Amino acid sequence: MRRALLLLGLCVLLAGCAGLGGQTTPSPSETPEQDPTPTVTATETPVVGSPTPTPTVTPSSANTVAWRDLSAAAREAFRTSYRPNGLAVFVPESPYIDGETFAPSVAEPFAEHDFVRRNGTLYRVRLDTGELYASYGVDVVAEDPGGANVTAFANLTAEHRRAVRAAVENGTYRTDLGEPTTVSSLAGEYVRYEGEVYRVRVTVGDYWARLLRVEAV
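Numbering of the sequence shown is given in UniProt numbering, commencing with residue 1 and proceeding in unit increments.
Hints were generated in silico from the structure; no laboratory data involved. All values derive from a computational prediction rather than experimental measurement. A few of these clues could be false.
Just the calculated beta-carbon pair ranges, DEER-fashion [unchecked claim]:
| no. | residue 1 | residue 2 | range |
| --- | --- | --- | --- |
| 1 | 137 | 66 | 22 to 28 Å |
| 2 | 161 | 127 | 36 to 42 Å |
| 3 | 203 | 152 | 20 to 26 Å |
| 4 | 162 | 111 | 33 to 39 Å |
| 5 | 100 | 172 | 29 to 35 Å |
| 6 | 98 | 57 | 48 to 54 Å |
| 7 | 172 | 57 | 40 to 46 Å |
| 8 | 187 | 121 | 51 to 57 Å |
| 9 | 171 | 98 | 30 to 36 Å |
| 10 | 103 | 141 | 14 to 20 Å |
Every residue, glycine too, gets a C-beta built ideally from N, C-alpha and C.
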């Protein structure tokens, strides 16, 4: 009887070991493979090329003037600018502008043409912008100043007295182009002249000088 029980216990023990040996160790779960992050390529900034140079002017019958067709004054302006360190300046006549000046109308053939043909030689001509010159005009109008300040004529500077007197007696006063002056400070002022009060008005006129450049082609 004892032997039978021992055999039964041994069988149960062997069955349990067999059951344990049949279990499979679970494998670790696999992480799904991620797609690699795409590489971002920076967009290249296009290289901007150099500005296209201004095309060279080609001589033609339309843009070339013959020497014989220039006025005496235009020829003199041409000679002036072609001399070493010479420069013809086109401005209205004024004693306050230095240099070799010519009337603005003398510049017309050089504004209308790019070349001058002289004795078989071609010359490139062009007009550049020079200095800005100003001139001033002064006039007056009799007007009640209201509560505004009124300056006695005698208290003005000599230049301002000259301007106001001329404006009252002649209707206007003008300075020469480029003349040093302070008459612009009179604008809007009230002046008592010979018992009458006048408001001073000042206008300004600007003029850009033109410069002639000449070079043999």
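A quick look at each hint next to the structure:
1. 137 / 66: 22 to 28 Å: Hint violated: Cβ distance 41 Å, outside 22 to 28 Å.
2. 161 / 127: 36 to 42 Å: holds (41 Å)
3. 203 / 152: 20 to 26 Å: holds (25 Å)
4. 162 / 111: 33 to 39 Å: Distance hint for residue 162, residue 111 holds at roughly 37 Å.
5. 100 / 172: 29 to 35 Å: holds (31 Å)
6. 98 / 57: 48 to 54 Å: violated (31 Å)
7. 172 / 57: 40 to 46 Å: About 45 Å separates the Cβ atoms of residue 172 and residue 57, which means 40 to 46 Å holds.
8. 187 / 121: 51 to 57 Å: holds (53 Å)
9. 171 / 98: 30 to 36 Å: Holds - the Cβ-Cβ distance for residue 171 and residue 98, about 31 Å, lies within 30 to 36 Å.
10. 103 / 141: 14 to 20 Å: violated (34 Å)
Comparing the model with each numbered hint stated earlier shows that hints 1, 6, 10 do not hold.
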